[in-house]
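Order-wise, the sequence lines are chains G and L.
Using my numbering, read the first sequence as starting at 1 and increasing by one per residue.
Using my numbering, read the second sequence as starting at 1 and increasing by one per residue.
Hints were generated in silico from the structure; no laboratory data involved.
Glycine included, each C-beta is placed from N, C-alpha and C at the ideal position.
Hints should not be assumed to be uniformly reliable.
So the derived list for chain L, only partly shown, Cβ under 10 angstroms to chain G, looks like this [said to hold, decoys possible]:
id	residue
1	A18
2	C63
3	L70
4	G107
5	K109
6	N110
7	F112
8	T239
9	I240
10	G246
11	I250
12	L257
13	G263
14	L342
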Amino acid sequence: MTASQTSLGRVLFWGGLTALLYAALFHYADSFLHLAHTTQDACAVQSGMTVDYYNKATSELCGEKGGTFIDGTWWYVFAPIALAFALSYTHGLFTGLFWDVVGLKAKK
Amino acid sequence: MEHGMELINFIDLNVTTAIILILVGFVGGMVSGFIGSGGAFVLTPAMMTLGAPGIVAVASNICHKFPKALVGAVKRNKYGQVDVKLGLVLGVFAEAGVLFGKHVMTGIKNTFGAVGTDLYVSIMFIITLAIVGGFVFKDYRKLKNMSDEEQDQVGLTKLAQWVQSVKIPGTMFYSHGAKSELSVLFMVPIGFATGFLASAIAVGGFIGVPAMIYILGVPAIMASATELVIAFVMGLGGTIFYGLEGVVDIRMAMLILLGSLFGIQIGAIGTTYVKDYQVKFTMAVIMLTVLFSRFFYVPGYLGKLGMMEPLPDSTVQILKWIGDGVLFLALFLGAFTVISALLKGMREHKKRQSVSARNSVAD
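Next comes chain L alone, as it looks inside the complex (with noise of 0.2 angstroms):
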């Protein structure tokens, strides 16, 4: 680092990486809209790919998507949808775990520079995306067996009987996502995590969404509605941290918000003419390929960060030339699923209602 001082980059924005950049947040937000929060999971290494240090794309995407969240929660709150209570509980938790991982991330950028951001914010990616991957995989084979019916009665799971029976004094509130008291303790290590994942990757509903549906309780579509809440509440604290160390390219997060908020609705409203297991399926096709995109940026970094002996820059380039050409891969897969299983859908529903218009004009 020269002088001791340190330049951050934001990339160059030319009329290309602009176009790239909304295209890129039309289809996270399809993404995004389509199996609930978190498919900004495809945004952050889609802005590195564009050049983005890791630090930027994780706090430009933070930056695009709180207000997002809000109007998404103001929304589903009109449709009861939303345990602000209990999002605001673990929204502040969340934040301590924002501000805990803001200081792992800068620490990181301080000492190995923003080459290390990358390598960091990769290594988060692949961990979280094989977890969650592996486990969205694993319900899709369990859903796709059952009838709907049978998909309803899922009940609480073991482990949300236990939370919801434990009673400690002086620590209690009444969740109504949940229909019942639950302690607060519980509430500090599922926000702490949501909240670092949050800094680390800029999505955190991967911990928040699964811990109240699996830990507390929550029906799935509260959890996923109460997510919004706490992806505000972090998301604002993340800004504001993030935006003092100077690395929120807004330019690049209004991009990427111009392209996400046509791609969300269309997502959203795709999921109303699909079955849940095609969305879980969906879901975990395009995480895995997304992790598999970043192993081959891996090398490259700790090359530079002079970890492993570098690797000829020839080689280097082929590597992230397959990585883009993966990501590419793993972001038309989620385009072409989403709109195909939208108009299949819309299709298949006009031609039932063509149908029974017809049949009750011959009753």
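Isolated chain G, as found in the complex (with noise of 0.2 angstroms):
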């Protein structure tokens, strides 16, 4: 195998690589913004299509509102902290193996 065709090799591996994990984001965005959102005590609004999260709820300011009260999970926060630091890993070797294969190049 010719150097070239191992580095397109390797961009493509990146790059499918990225490619997945941002589907799984998209894939999942709803369940991504339910933890974003139930970090802390919050209060479910079914509004259309979708689900309005308030915060600062209690179940009783909730009730009224007719939402479901949700128990705050702190370390749901870890979710987002981690898909950022896979996404930065797979995205970074993808996008710097791509611009070298274009021919991009320092000075030297």
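Two chains, each in its own frame: build the complex with the hints.
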């Protein structure tokens, strides 16, 4: 295999992995939003097709609004952090290799 | 605020907003790579323009930045440009600044609602960009009239000489960036201010980098590399603090990242083809244009907060359009400058190479 084929292979590998992670993020976007909004106590109220999340919620206030009260789970905060790390790594490698293959290089 | 509860809206994402975010990230990344860390200053206002409340824009921007900072820090550490110890010491105090700043931001959110954070972020932006943009522009004019040799000979400032001469027993550590022992006591205000600014506008480097250069005597290239360590430490902390408040929009952060990582490499490659003063000029122009754009939103925020007689909706809308237009102009200017500098530089470089190749054949 030639050097350029190897680097093209690596571009495709990291690019594919990055695309997969992005696809997962947007496929499960609602779940990620749910995690983000429920790190603290929240009140989920159905509003048409979407769910509105209210902060500073108590079960009484939420009941009055006809929503579902959700106890906050603080460690949900690690979900976006984990994804941000994974994507920075794979996408960072991909873009670096991508510009290399395209032929954009720093002045020596 | 209805029923005492508060609705924090994340923006509606459709194909158009997603593409805009990717493009904005791309330009922001290009500017970031070109002028060193701190290019994220175009991203917070752009996210706010798309409708994200100030607190969400800042939180999501910090979230997209910190893993990128880690990757950058590891890379530049290989070239020996990172003073890890100094970065970690400043990072610890920056964390305290982030925590304090986050309390200020959430205090504003709880008292005035999300629009209060819009006003707070905008005002912090206007003040910071006016000061930093003004300094950078002054620096550009100074550098432009200097030869390359003179630029290399710019030595330590008087302040840095004094800071390096102060020895307070029990507080000293060696910074290989400054090539001197420094007292931790000087790190407290620098780190704290850097973190506080990061929590307010998502860009702490505006304080951290110049402070390292002019107050601590760290060379510019090491200062911007060391800032990545601080950005990582405070970005991780900031994401956790803001995440616990439920205001990190990971979709928006990752779309910005998608464009930004493509852009950052173009920007970084671009710098190898241009002179330092050209970079400074670009930086000043973009900063002052972004600053200008923020002014147009302020009357709308003040009206919503009841701090002034609300303007007619149509006037607020027109002002917002002008603001959006000016911001778009800033992004366009940034993209145009970096790409044209890169293309021109590459062309000239190729020409010089072919001339020298011809000459060596002739020899």
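For each hint, the structure was consulted:
1. A18: Holds, because the Cβ-Cβ distance from A18/L to chain G comes to roughly 9 angstroms (cut-off 10 angstroms).
2. C63: holds, 6 angstroms
3. L70: holds, 7 angstroms
4. G107: violated, 13 angstroms
5. K109: This interface hint holds because 9 angstroms falls under the 10 angstroms limit.
6. N110: holds, 7 angstroms
7. F112: violated, 14 angstroms
8. T239: Check passed: Cβ of T239/L comes within 6 angstroms of chain G, closer than 10 angstroms.
9. I240: holds, 6 angstroms
10. G246: holds, 5 angstroms
11. I250: Where the cut-off is 10 angstroms and the nearest Cβ of chain G is about 4 angstroms from I250/L, the hint holds.
12. L257: With a closest approach of 6 angstroms, the L257/L hint holds.
13. G263: Holds - the Cβ of G263/L comes within 10 angstroms of chain G, reaching about 9 angstroms at its closest.
14. L342: Where the cut-off is 10 angstroms and the nearest Cβ of chain G is about 8 angstroms from L342/L, the hint holds.
Consistency note: the structure conflicts with the earlier hints numbered 4 and 7.
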